[in-house]
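Read left to right, the sequence shown gives residues 0 to 335 (numbering that gives the first Met the number 0).
Calculated directly from the structure, the hints in this document are not laboratory data. It cannot be assumed that every hint is accurate.
[As the list claims (entries may be wrong)] Label-pair ranges, simulated between beta-carbon atoms:
1. 117 with 296: 32 to 40 Å
2. 116 with 273: 40 to 48 Å
3. 287 with 29: 27 to 35 Å
4. 15 with 325: 42 to 50 Å
5. 27 with 287: 47 to 55 Å
We put the beta carbon where it would ideally sit given N, CA and C, even for glycine.
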Amino acid sequence: MVARDTSQAIDDAAAAWIAREDRGQMSNEDQAALDVWLHADPRHAGALLRARAIGLSSQAASALGRDFDPRRFTISKRRPPVQKSLSRRQLMAWSGGAAACGATVAAVGFTFTAPTAYATERGQMRLVPLPDGSTVVLNTASRMTVSYSKTRRLVRLLEGEADFTVLGDQGRAFVVEVGDRQIETAEGGGFRVRKLGQEPIDLLVHQGVVQIGGDQIGRRDVLRSDTQITLGSGGDGRRDSLPRHVSPTVINRELAWREGKIAFEGESLDQAASAFQRYSNVRILIADPTLAREPVSGLFSANDPVGFSRAVADLFGATIKVERTRVVVGLPQAGA
0 MVARDTSQAI
10 DDAAAAWIAR
20 EDRGQMSNED
30 QAALDVWLHA
40 DPRHAGALLR
50 ARAIGLSSQA
60 ASALGRDFDP
70 RRFTISKRRP
80 PVQKSLSRRQ
90 LMAWSGGAAA
100 CGATVAAVGF
110 TFTAPTAYAT
120 ERGQMRLVPL
130 PDGSTVVLNT
140 ASRMTVSYSK
150 TRRLVRLLEG
160 EADFTVLGDQ
170 GRAFVVEVGD
180 RQIETAEGGG
190 FRVRKLGQEP
200 IDLLVHQGVV
210 QIGGDQIGRR
220 DVLRSDTQIT
230 LGSGGDGRRD
240 SLPRHVSPTV
250 INRELAWREG
260 KIAFEGESLD
270 QAASAFQRYS
280 NVRILIADPT
290 LAREPVSGLF
300 SANDPVGFSR
310 AVADLFGATI
320 KVERTRVVVG
330 LPQAGA
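Could you build all of it, start to finish, from the sequences and the hints given here?
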């Protein structure tokens, strides 16, 4: 009879794998060895998830830039840090192993649970492990509730943005409710849902297949991997857009926030400034209307509005004024 590893030994091994990932990109041989380890025991995937969650909660991605002086630029002493998120490769690595133990998880009956609430503050990111081994990564200023029963796994996204990695369970659909819309999958996969204020719902499916329901005429559309769509909700008068295929490059840009980044590809500086406001109490003000219309491209730290503003000022020869709650960027006056 082969002795099973103890829980402590498995946790130690999972911590070692996380440490190896954090040292840099793993080789193909390392990745293959990790996959073998994940499939060797149903407990391994859960241990890797716990180790990653512990690592996320203990790491702060301050990314304030070398020129940042906390004595003259204090935002809030209680402001939570942005936490390092799982990369898309890392999420898929352990979720592949977790799928191997999905049948075991599905066989355990869940009684109905009262909704559990989760939230992030401005500038904070959070990884939420769910009872069945699925996970949610919550972006800045987001709120959701989770309730599981024997027949359904239900998440209500009340505000913000969340990326879901779902384990398949043909007996219990995984349902995300946003307003009066429902996004559902039983096969498992990955998708990102965003609902900001009065803007339409933005859905990006980056793995697997989901169904969309709950609109005015009651139809259920099927969306497959590498597809993006915007949805109306709550009688706002908006019609759903046509689904559009998106490339891996676009998917990586859309999910850059999981790494604490913001990616731009031709957006105006004014739009970029608005995007930074989601992650920081510091407002970027583009004082010159002409400058505000200039396009910007690149990858920037989400909670570094000062560093972004300095890069913009250097690129366009603009002036910059750093204040306590805002950064003012403008073109210099003629003759200055």
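Outcome of the hint check:
no. : hint                     : in the structure
1   : 117 with 296: 32 to 40 Å : 33 Å, holds
2   : 116 with 273: 40 to 48 Å : 27 Å, violated
3   : 287 with 29: 27 to 35 Å  : 50 Å, violated
4   : 15 with 325: 42 to 50 Å  : 45 Å, holds
5   : 27 with 287: 47 to 55 Å  : 50 Å, holds
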